[in-house]
Amino acid sequence: MLTSLKRIMRTGSVGFVRSAYVSFSAIYVMTITLLVIGGSLVFNALLDHTLVTLKSKVDVNIYFTVDATEEAILAFRRQVESLSDVKGVTYLSRDEALAQFRDRHQADELTIRALEELGDNPLGASLSVTAHDPSQYEGIVQFVTETSEQAETTIIDRINFNQNKSAIDRLTTIVSVIDKITQIIVMTLVFVTILITFNTIRLAIYTAREEVSVMRLVGASNTFIRGPFVVQGALYGIAAGILTLILLYPIAYYLGPSTDAFFGLNVFRYYLEDFGRIFLILMGSGIGLGVISSAVAISRYLRI
Amino acid sequence: MLYFENVSKYYGKNETVALDRVSFQIAPKEFVSIVGHSGAGKTTLLKMLIAEDKPTEGAIFYESQDIHKISRAKLPSFRRKIGTIFQDFKLLANKTAFENVAFAMEANSRDDDEIAMSVPQALELVDLSDKMHHFPSELSGGEKQRVAIARALVNQPDIIIADEPTGNLDPIATYEVVQILKKINDLGTTVILTTHNKGVIDILEKRVITMDGGRIIRDDRHGKYLL
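Those protein sequences? They're chains A and B, same order as listed.
Here full-length UniProt numbering is used: the first residue of the first sequence is 1, the next is one more, and so on.
Here full-length UniProt numbering is used: the first residue of the second sequence is 1, the next is one more, and so on.
Derived from the structure by calculation, the hints contain no laboratory data.
Source: prediction; values computed, not measured.
Just so it is clear, CB atoms sit at the ideal spot from N, CA and C, and this is done for glycine as well.
Check before you lean on any hint, since a few could be wrong.
[Unchecked claim] Have a look at the derived ranges for each label pair, beta carbon to beta carbon: (1) A/T3 with B/E63: 44 to 50 Å; (2) B/E63 with A/R10: 24 to 30 Å; (3) B/E124 with A/E210: 26 to 32 Å; (4) B/G199 with A/S4: 56 to 62 Å.
[What the hints assert, rightly or not] Stretch-level coverage of chain B by chain A, calculated; a stretch enters the list once three of its residues show a Cβ under 8 Å from a Cβ in chain A: (5) 2 to 11; (6) 74 to 87; (7) 92 to 98.
[Said to hold, decoys possible] Chain B side only, calculated, beta carbon under 10 Å to chain A, not exhaustive: (8) E52; (9) I60; (10) E106; (11) A107; (12) N108; (13) A152; (14) N155.
Working from the sequences, and respecting the hints, build out all of it.
Below, the structure is given as structure tokens:
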């Protein structure tokens, strides 16, 4: 058993080296397949990252009237915080709001002068509420509105959730649609390249069909015939996997800064940090593809 | 040892008759030549013997075993009892002479020490010790056929089947191959040879079965080529 296994490994490796041209074409095609798979991994990560970033940008701002006391606002804050859907609440006092306003409009002399002429701080305090999931905002807003309506004198001026919501909803939808479309395109590409790889390996084995018939004639068992071809297929996968990982390095390095600026995720850093996972996926796909293609292709010639 | 019982083979919808009710026996250690024109049914007969093709009617027995009732899993071990030699040599192009011969032993699960000892002996028997590490593309036709013979006999089979082994060879190489086959037979292996070559049959002076149109028309103990 062990001797057979050793012989199968040796014959497969020798075949891999001696049929250099066939090995080269199989590795070339397989590398393209793995590059498509690797590219799709990175692109998916970019889109997922964009979706998460967009979702985290959604929040509800509750603006209070100028005469609302800080105690009343903080009491209200505790009420909101006690809701299980709420992830966090940030309080912005009237003075902080004014400071932020001044800061934002420091180049706008007219506005600053108008503010100074008013004398008093016209801005109210506000609470910024974030939820665990965007779908929970409806409930939070409903709670805030109902509490405000039940109170004798309302301290809430307005809630700006709806204006933000529609814009963010639309962006989220666009990104999800892009995500789905790219997934379909990537799946199609992966499927096509897998077919091409399968056919390349089938051609490689077609050239060896005479060899298979000779092996059968000298009384080699099917396992003994199939083994070296399967080993060869696995070697194509390993070689293509290593080549793909090497090729992805400069590509990711080159694209890193641009993706960082556009999507907020540096693909080069992603490649380095997630190297273990990318390595396993690419090697696994390469070896799996090589082994399965070889085993299926060779089985055609073993049916006698 | 081998029994052909009313073996017929038709191709298509029974339109092409390759073999027509063929019956004969071959005894152990016999040297049998099968002669006939192209299409006489010689190769079909040999293909059935190594279970590469099935008869439409009749049966072929190796001792008491019906060859075509052997399960697919047990077929390789049956084939190892028969060594085959072909007109086109059928060597593995990406293996050296040594590796080609060794492959037959590896397929037979023989251990490495045995292979290291038997392969050079088999190559010596066919006078190819000096070209052991040459690839088939570096050998002449006669040399390739001798590698094929070494491969066929290295597992010490009960029967050697040679299908037109001299078809692609010049007269000197033909003579050498025939002498080697004779030597193998003298050492106790049954040899079944098909040929077109009148000279080969006349040198041998062994049993000759003459076929025509899928039938046996003559079976002579010490025959000559009479077509």
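Results for each hint:
| no. | hint | result |
| --- | --- | --- |
| 1 | A/T3 with B/E63: 44 to 50 Å | violated (30 Å) |
| 2 | B/E63 with A/R10: 24 to 30 Å | violated (36 Å) |
| 3 | B/E124 with A/E210: 26 to 32 Å | holds (28 Å) |
| 4 | B/G199 with A/S4: 56 to 62 Å | violated (44 Å) |
| 5 | 2 to 11 | violated (count 0) |
| 6 | 74 to 87 | holds (count 6) |
| 7 | 92 to 98 | holds (count 3) |
| 8 | E52 | holds (6 Å) |
| 9 | I60 | violated (16 Å) |
| 10 | E106 | holds (5 Å) |
| 11 | A107 | holds (4 Å) |
| 12 | N108 | holds (6 Å) |
| 13 | A152 | holds (8 Å) |
| 14 | N155 | holds (8 Å) |
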